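S.K.: So the chains spell out like this:
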Amino acid sequence: MSGAAQRSPATQVSDAARQWGPALWVAVIAVAIWQLVAWGFDMPSALLPRPAEVWRAAAENRMELLKALYATGLAAAAGLLAAIGLGSLISVAFSQSRRVRLAFFPYVIFLQTVPIVAIAPLLIIWSGYQFRTVVIVTVIVCLFPIVNSVTAGLMAIDRQWSDLFSLYGAGRAKKLTRLQIPAAVPYLVLGAKTSSGLAVIGAIVAEFFVGNGTDYDGLGTLMTHWQGFVKTDALIAAVFTSTLLGLFLFGLVHGISRTLLRRWMDAA
Amino acid sequence: MMPNDRPDASSIHCRDVTVQFTPSSVAVDRVELTVQSGEIVSLIGPSGCGKTTLLRAIAGLQPMTQGRVELDPVAIARKGQIGFVFQQPGLLPWASTLQNVLLPLELIGRGTSRQRREAAEHALRSVKLADARDKRPHELSGGMQMRASIARALVTGPSILLLDEPFAALDDMLRNELGRLLLSLWQQQQFTAVMVTHNISESILLSHRIAVMRAGVLESVIDNPIAWPRSPSQMRTPDFAQFFGVVSDSLRGPSSATDRSQEDTP
Chain A
1 MSGAAQRSPA
11 TQVSDAARQW
21 GPALWVAVIA
31 VAIWQLVAWG
41 FDMPSALLPR
51 PAEVWRAAAE
61 NRMELLKALY
71 ATGLAAAAGL
81 LAAIGLGSLI
91 SVAFSQSRRV
101 RLAFFPYVIF
111 LQTVPIVAIA
121 PLLIIWSGYQ
131 FRTVVIVTVI
141 VCLFPIVNSV
151 TAGLMAIDRQ
161 WSDLFSLYGA
171 GRAKKLTRLQ
181 IPAAVPYLVL
191 GAKTSSGLAV
201 IGAIVAEFFV
211 GNGTDYDGLG
221 TLMTHWQGFV
231 KTDALIAAVF
241 TSTLLGLFLF
251 GLVHGISRTL
261 LRRWMDAA
Chain B
1 MMPNDRPDAS
11 SIHCRDVTVQ
21 FTPSSVAVDR
31 VELTVQSGEI
41 VSLIGPSGCG
51 KTTLLRAIAG
61 LQPMTQGRVE
71 LDPVAIARKG
81 QIGFVFQQPG
91 LLPWASTLQN
101 VLLPLELIGR
111 GTSRQRREAA
121 EHALRSVKLA
131 DARDKRPHEL
141 SGGMQMRASI
151 ARALVTGPSI
161 LLLDEPFAAL
171 DDMLRNELGR
181 LLLSLWQQQQ
191 FTAVMVTHNI
201 SESILLSHRI
211 AVMRAGVLES
221 VIDNPIAWPR
231 SPSQMRTPDF
241 AQFFGVVSDS
251 LRGPSSATDR
261 SQEDTP
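For the protein sequence lines, the chains are A and B, in the order given.
Going by our numbering, the letters in the first sequence line up with residues 1 to 268, in that order.
Going by our numbering, the letters in the second sequence line up with residues 1 to 266, in that order.
If we strip away everything but chain A, and leave its shape as in the complex, we get (with noise of 0.2 angstroms):
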């Protein structure tokens, strides 16, 4: 019976409010200077919307956050499984040959440090102004975090493991299959969890190249619409949404971590 269960709901909530209740304090009083900076400098709502306005413009356009926020979402998600399931490829191929890796993993790291505001464009034209190039983008920006991570959890193998494994006379492929990728898993979900920020960051930014007026519709193409028309209210509201999303996948990202780590070696 884990603890959770044997506490009562009245602790729970306790517990929760202790827990989240320095942040939302945090943000109730950054409403609040917002609200008085905007009030008391009278800031034009095209410069500075008050909080209720943002809220307002956030009501208003629902539809289309809400269209949009799942076109993101479904960008983020669906770039950042292909970012785990490519990059766990790109690792197993780095933990078996030294050359492979020496050869590649320079350009693994290109990834990395190339400004992906200066490939977005470039996508953009090989791939289109459509949701996959979104995706591809997506993964670019998640891939190195999870190649990294995860070719260090293969080839980090205890010696007294591996030796145990060659004593059995057991060949790579049962080496990697049942030692090197099992005691990577907690690798994976750390470069994961670490990708999930920024599937979300990657998706905007693609969406913003791929620009309004197409069949594609995500948050950051409702950002460089609603600019265009210095709609500051709706555009924070935007801000806001895609912060959102950001914060749902992180949380959905560590809470199945959580349990996968908790199934695979009691680790979280």
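Keep in mind that the hints are not guaranteed to be accurate.
Within a straight-line C-alpha distance of at most 35 angstroms, the following computed DSBU-like cross-link-like pairs (lysine-lysine) qualify [as the list claims (entries may be wrong)]: (1) B:Lys135 x A:Lys193; (2) A:Lys193 x A:Lys67; (3) B:Lys135 x A:Lys175; (4) A:Lys175 x A:Lys193; (5) B:Lys128 x B:Lys79; (6) B:Lys135 x B:Lys79; (7) A:Lys174 x B:Lys135; (8) A:Lys174 x B:Lys79; (9) A:Lys193 x A:Lys174; (10) B:Lys128 x A:Lys174; (11) A:Lys231 x A:Lys193; (12) A:Lys175 x B:Lys79; (13) A:Lys175 x B:Lys128; (14) A:Lys231 x A:Lys67.
Honestly, the hints are just simulated from the structure, not real lab data.
Because the structure is a prediction, the values reported are computed rather than measured.
Please arrange chain B on chain A, whose structure you already have, making use of the hints.
M.R.: Only chain B this time, still in chain A's reference frame:
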């Protein structure tokens, strides 16, 4: 007492075994050592003297610069004839105790799934861990983890068991308990064993002979006069204390032995 009526009993012959990591660093230097079938030999010596390297060379895990290790032909022919108990239990954290013990059988592909399971359950019973078969390593105490590690090493029914300071991380009570368990398993299975240890009492209690190493060189191999069957109560006898002194002197080296003889001279 050195039983060798096991049909597939194996002996170990180290011939001129040398392991050199760098041109200036000789970990094991021309070691000649024979371990008879059914015999337990302890390798003892200061840290970094090459005990573990020699043990790994015997297991075939450490390439040798020179020399060879000859095992009984049966041991060479069949995988799983050498069991190895490492310094740390080294159980796979994502697998249950039973799955950990099953692992060697699965790796060598011996028997059917049912036979493997029966063998693993038998091995767990032999180390008194039958109730912990479904537990994960983190749910086991240090002593239980080491017992699971011993079960994993013995599940293939090896004729040779190699142990690398298996009880070093345990407290005295657990050390004694596992020492008794090892003796009991040896009496049942009559494997040939080489055990690396830092602990003189442990080496005396558990082995027939004690091989003293220093700086990669096998300095001496001392016959253990303590009577069989062994039990921790023997550690309080005068014979044990006297032999403890002999091993201790050997560990200190010839210079200390000379110093001691000079001190003893009126």
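S.K.: Now look at each hint and say whether the structure bears it out.
M.R.: We went through each hint and held it up to the structure:
1. B:Lys135 x A:Lys193: 29 angstroms, holds
2. A:Lys193 x A:Lys67: 25 angstroms, holds
3. B:Lys135 x A:Lys175: 23 angstroms, holds
4. A:Lys175 x A:Lys193: 26 angstroms, holds
5. B:Lys128 x B:Lys79: 26 angstroms, holds
6. B:Lys135 x B:Lys79: At roughly 28 angstroms apart (the allowed maximum being 35 angstroms), Lys79 (chain B) and Lys135 (chain B) satisfy the hint.
7. A:Lys174 x B:Lys135: Holds, because 24 angstroms separates the two Cα atoms, which is no more than 35 angstroms.
8. A:Lys174 x B:Lys79: 15 angstroms, holds
9. A:Lys193 x A:Lys174: 28 angstroms, holds
10. B:Lys128 x A:Lys174: Holds, because 30 angstroms separates the two Cα atoms, which is no more than 35 angstroms.
11. A:Lys231 x A:Lys193: Holds, because 33 angstroms separates the two Cα atoms, which is no more than 35 angstroms.
12. A:Lys175 x B:Lys79: Distance ~16 angstroms between Lys175 (chain A) and Lys79 (chain B) Cα, so the pair holds.
13. A:Lys175 x B:Lys128: Holds: Lys175 (chain A) and Lys128 (chain B) sit about 29 angstroms apart, inside 35 angstroms.
14. A:Lys231 x A:Lys67: 18 angstroms, holds
Figure legend: structure checked against the earlier numbered hints; every hint is met.
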